[in-house]
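2 protein chains.
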Amino acid sequence: MEYDILVIGAGILGLSCAYHLKKNNPNKEILVIDRFRAVAQGNTARSNALFRNTFTSPDNQILSDTSIDFYIDMQKSAVDLGIRKTGYLWLQSERELSLNERHVQKMEDEGIELRKYDRGELERMLPLMRTKLTSEESRLMQLEDVVGGVFGVKCGRIDPDKLSRFYAGEFVRIGGKIVLDTNVKKLIVEPNQPLGIDGEPFVWQESRVTGVVVEGQMQGEIRAGTIVIAAGVWNNELLDPIGIDGHVKGKKRQLFTISAGSSPDLRSLIHNKSFNAIGVLPFVILPKSGCYVKALEENNEFWVACEDDINRPFINVPERDLETYKAEPSYFEQNVYRILKEYFPPFENSKPNQMWAGLYSYNTLDMIPFVFVESGMIIAGGGSGSGIMKGDAMGRIVDAVYRLGENGEATLYGGKKYPIHKLGFESRQVEREEWII
Amino acid sequence: MEYDILVIGAGILGLSCAYHLKKNNPNKEILVIDRFRAVAQGNTARSNALFRNTFTSPDNQILSDTSIDFYIDMQKSAVDLGIRKTGYLWLQSERELSLNERHVQKMEDEGIELRKYDRGELERMLPLMRTKLTSEESRLMQLEDVVGGVFGVKCGRIDPDKLSRFYAGEFVRIGGKIVLDTNVKKLIVEPNQPLGIDGEPFVWQESRVTGVVVEGQMQGEIRAGTIVIAAGVWNNELLDPIGIDGHVKGKKRQLFTISAGSSPDLRSLIHNKSFNAIGVLPFVILPKSGCYVKALEENNEFWVACEDDINRPFINVPERDLETYKAEPSYFEQNVYRILKEYFPPFENSKPNQMWAGLYSYNTLDMIPFVFVESGMIIAGGGSGSGIMKGDAMGRIVDAVYRLGENGEATLYGGKKYPIHKLGFESRQVEREEWII
Numbered sequence: 000m001e002y003d004i005l006v007i008g009a010g011i012l013g014l015s016c017a018y019h020l021k022k023n024n025p026n027k028e029i030l031v032i033d034r035f036r037a038v039a040q041g042n043t044a045r046s047n048a049l050f051r052n053t054f055t056s057p058d059n060q061i062l063s064d065t066s067i068d069f070y071i072d073m074q075k076s077a078v079d080l081g082i083r084k085t086g087y088l089w090l091q092s093e094r095e096l097s098l099n100e101r102h103v104q105k106m107e108d109e110g111i112e113l114r115k116y117d118r119g120e121l122e123r124m125l126p127l128m129r130t131k132l133t134s135e136e137s138r139l140m141q142l143e144d145v146v147g148g149v150f151g152v153k154c155g156r157i158d159p160d161k162l163s164r165f166y167a168g169e170f171v172r173i174g175g176k177i178v179l180d181t182n183v184k185k186l187i188v189e190p191n192q193p194l195g196i197d198g199e200p201f202v203w204q205e206s207r208v209t210g211v212v213v214e215g216q217m218q219g220e221i222r223a224g225t226i227v228i229a230a231g232v233w234n235n236e237l238l239d240p241i242g243i244d245g246h247v248k249g250k251k252r253q254l255f256t257i258s259a260g261s262s263p264d265l266r267s268l269i270h271n272k273s274f275n276a277i278g279v280l281p282f283v284i285l286p287k288s289g290c291y292v293k294a295l296e297e298n299n300e301f302w303v304a305c306e307d308d309i310n311r312p313f314i315n316v317p318e319r320d321l322e323t324y325k326a327e328p329s330y331f332e333q334n335v336y337r338i339l340k341e342y343f344p345p346f347e348n349s350k351p352n353q354m355w356a357g358l359y360s361y362n363t364l365d366m367i368p369f370v371f372v373e374s375g376m377i378i379a380g381g382g383s384g385s386g387i388m389k390g391d392a393m394g395r396i397v398d399a400v401y402r403l404g405e406n407g408e409a410t411l412y413g414g415k416k417y418p419i420h421k422l423g424f425e426s427r428q429v430e431r432e433e434w435i436i
Numbered sequence: 000m001e002y003d004i005l006v007i008g009a010g011i012l013g014l015s016c017a018y019h020l021k022k023n024n025p026n027k028e029i030l031v032i033d034r035f036r037a038v039a040q041g042n043t044a045r046s047n048a049l050f051r052n053t054f055t056s057p058d059n060q061i062l063s064d065t066s067i068d069f070y071i072d073m074q075k076s077a078v079d080l081g082i083r084k085t086g087y088l089w090l091q092s093e094r095e096l097s098l099n100e101r102h103v104q105k106m107e108d109e110g111i112e113l114r115k116y117d118r119g120e121l122e123r124m125l126p127l128m129r130t131k132l133t134s135e136e137s138r139l140m141q142l143e144d145v146v147g148g149v150f151g152v153k154c155g156r157i158d159p160d161k162l163s164r165f166y167a168g169e170f171v172r173i174g175g176k177i178v179l180d181t182n183v184k185k186l187i188v189e190p191n192q193p194l195g196i197d198g199e200p201f202v203w204q205e206s207r208v209t210g211v212v213v214e215g216q217m218q219g220e221i222r223a224g225t226i227v228i229a230a231g232v233w234n235n236e237l238l239d240p241i242g243i244d245g246h247v248k249g250k251k252r253q254l255f256t257i258s259a260g261s262s263p264d265l266r267s268l269i270h271n272k273s274f275n276a277i278g279v280l281p282f283v284i285l286p287k288s289g290c291y292v293k294a295l296e297e298n299n300e301f302w303v304a305c306e307d308d309i310n311r312p313f314i315n316v317p318e319r320d321l322e323t324y325k326a327e328p329s330y331f332e333q334n335v336y337r338i339l340k341e342y343f344p345p346f347e348n349s350k351p352n353q354m355w356a357g358l359y360s361y362n363t364l365d366m367i368p369f370v371f372v373e374s375g376m377i378i379a380g381g382g383s384g385s386g387i388m389k390g391d392a393m394g395r396i397v398d399a400v401y402r403l404g405e406n407g408e409a410t411l412y413g414g415k416k417y418p419i420h421k422l423g424f425e426s427r428q429v430e431r432e433e434w435i436i
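One line per chain: the protein sequences are A and B, in this order. Going by numbering that gives the first Met the number 0, the letters in the first sequence line up with residues 0 to 436, in that order. Going by numbering that gives the first Met the number 0, the letters in the second sequence line up with residues 0 to 436, in that order.
No lab work stands behind these hints, which were simulated from the structure alone. One or more of the hints may lead you astray.
Pairs involving identical chains hold if they fit within one copy or between any two copies, as the list cannot separate such chains.
Unchecked claim - Cut-off 30 Å, straight-line C-alpha distance, at most; resulting in silico cross-link-like pairs (DSS-like, lysine-lysine):
(1) Lys325 - Lys184
(2) Lys161 - Lys325
(3) Lys287 - Lys185
(4) Lys185 - Lys325
(5) Lys421 - Lys105
(6) Lys176 - Lys350
(7) Lys185 - Lys27
Only a predicted model underlies this, so the values are computations on that prediction, with no experimental measurement involved.
Produce the complete structure using the sequences and hints provided.
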């Protein structure tokens, strides 16, 4: 079993890498393996699957903006990716408005399409929202009144399953191979010039990763000229044992769905005509605490969650079974719900009818992904909660690294050039992202 | 049990922090705790305990150079720290000489005192060294001939136990308190404004670390206004559970001692008069593979080791008992010994008479330490194998963070100013270190 390129991980990142690699290296034999029984069954499937081009970091901007363009054009020309251009609405308190002023200015200067609303406008556009909080509870919680909003236009949601199946289908159509239900037990490190001595490689030998040992659908050893590590939060499971730092840490995130049922108020919250052409509530981020609401008009439901900061563990090497990471009803009740109902009274007495957890793959350093070459591997990861929306650009960059090396330039969708080394770490050159939910 | 400052970790870093904090904040109650039964019994005790000011990064330069000055002056004025100014001798192959030329030039431009030797000079100064390798084994191993050497003058070794006891003694003398045999079970995260509700802190509350739960000599909860996290490789054990990234990974390193016994050649290797005023072999780094030799004339012995790169695991959360990490006789035989005897034939047939392992605390990103403020804590670490030689500067920086915040400037020994934010990560500003063994 020998391939030119082996991609580990059939989530959105691995599939985008595989597709762009095969497209630009049609004569190379490329294999994608994944431990799940279908593509994108790990954290891609558990994602909130939103997209936005509203980032302060020019790197995040170009990675997301070009990926979004590609997704939108694909949906126009060929295939339904479940894209709904709802926009993102950041509701801002007085404090946040002033804290974020320079970030918003920076994004506007970079040409990102933003709209700004004051409290009066928001009250007209979102009549079911409470901008002035008066309850005893909101005072105790120190929640903050809404005084304005920032609206990102080129933002919305996408169907991660459709997107993954699109990449997988195209990859296979042009000759790529995907094998599922195949788990990597370990990476094989070998000397570049083996001597056949027991115990190789020794420290005086130049060594690199030449393959993997697998179990499951495929068994034994798979060798490859280049191995693309695109296993998301499981990158550490592969890389820690050979002493390579993947620069990611996992953290649990939870999502809760709330049905609008027959509630006229909740239904009217979903079908809001003030913000976008499709007449759907934008993705709304509430002040403080990163609590947010996504409307899915096709299901008559909302997805709600929070982005917590301190006090929940980092996971260095996650369990393989994501069911280990359970959503917690108390997390909804004590955190999400308490905030939500203060700003949106129609959610009063709501209970989640579904909930699940997934793991973010964090690059905690600058919240911008990594792509670098190391010992026969191209290592990619660190989506930090925005991996899907940058997936296409990341795939193109990994392909460019393969063809041109780390000093090359990737051509992103639409023809924009991106110097690869910026996402590496030996000569990393990125601005820390400031516009985080 | 309430303190102004609690320092977790009584290794060199924690003790230097504690001393400088107490010295500059004499009215603050400061407690140092450590899980071992004496100070500096973790990786400080297992270190090779060398010092050098030869770094390409200006940050590493100033951190080490000022610390070395302090250690040397203390030894001159007051207390034996076991400093032996042997110098460092990097032996260079043709390939390395050309690869490293710009690094050496950079260090010279920065005013670091270096001497350069050619092959002829080295052969005269180190007559027991082989510069041209001719054996079949060295050819198979692709070892490289020595064509020159770079000698760092302000370099040598120090006794980590004496240094730690010096800081501990001074700290206690001026009123600080150290409690040993006390293990931190967890950090306590609490809301800044507690409501007394079960399950606090919630995500809508501002929270911070207010104390620790301990077991052992001290038991129960210790509260502190500021908690200094200086537990080296165990920083992740403290920080992972609350979702803070300490930016370190552990990696096992091994040391082997070889007695010179009555071998005239080995004895004459130790007592070399060509390099330094004390007539002792400098710390010698062999070409390729980072194999090195330290002479301890007082014990009539050598300490030898290698710095391996790929194929040995990173350890995210190390075991508490360092005896878990054993030195491996085969590591000596297959790696260190094979290289050593080619360059230094007197080591032929040597066997280690002692061996031990310790853990490096790596910052894999740029190999320069981190100091940053996070949620009531000052987090310091990432010595990356050069923690002791930067220990004094790190302690002064942590004290300056405490008094002045991350935007302040630390005054290092000798009066040099150092902007604290450079070692943080929100506005980190360091050059990746290139002169690594």
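Here is how each hint holds up against the structure:
1. Taking the shortest alpha-carbon separations for Lys325 and Lys184, both the intra-copy value of 25 Å and the inter-copy value of 24 Å come in at or below 30 Å.
2. Taking the shortest Cα distances, Lys161 and Lys325 sit within 30 Å of each other inside one copy (25 Å), while across copies they are farther apart (50 Å).
3. In this assembly of identical chains, the alpha carbons of Lys287 and Lys185 lie at most 30 Å apart only when taken from different copies (27 Å versus 42 Å within one copy).
4. For the identical chains of this complex, Lys185 and Lys325 are neighbours both inside a copy (27 Å) and across copies (23 Å), given an alpha-carbon limit of 30 Å.
5. In this assembly of identical chains, the alpha carbons of Lys421 and Lys105 lie at most 30 Å apart whether taken from the same copy (20 Å) or from different copies (24 Å).
6. Proximity of Lys176 and Lys350 under a CA criterion of 30 Å is satisfied in neither setting, with 43 Å inside one chain copy and 52 Å between copies.
7. In the homo-oligomer, the alpha carbons of Lys185 and Lys27 lie at most 30 Å apart inside one protomer (24 Å), although the nearest pairing across protomers, at 51 Å, exceeds that limit.
The structure does not agree with numbered hint 6 stated previously, though it agrees with all others.
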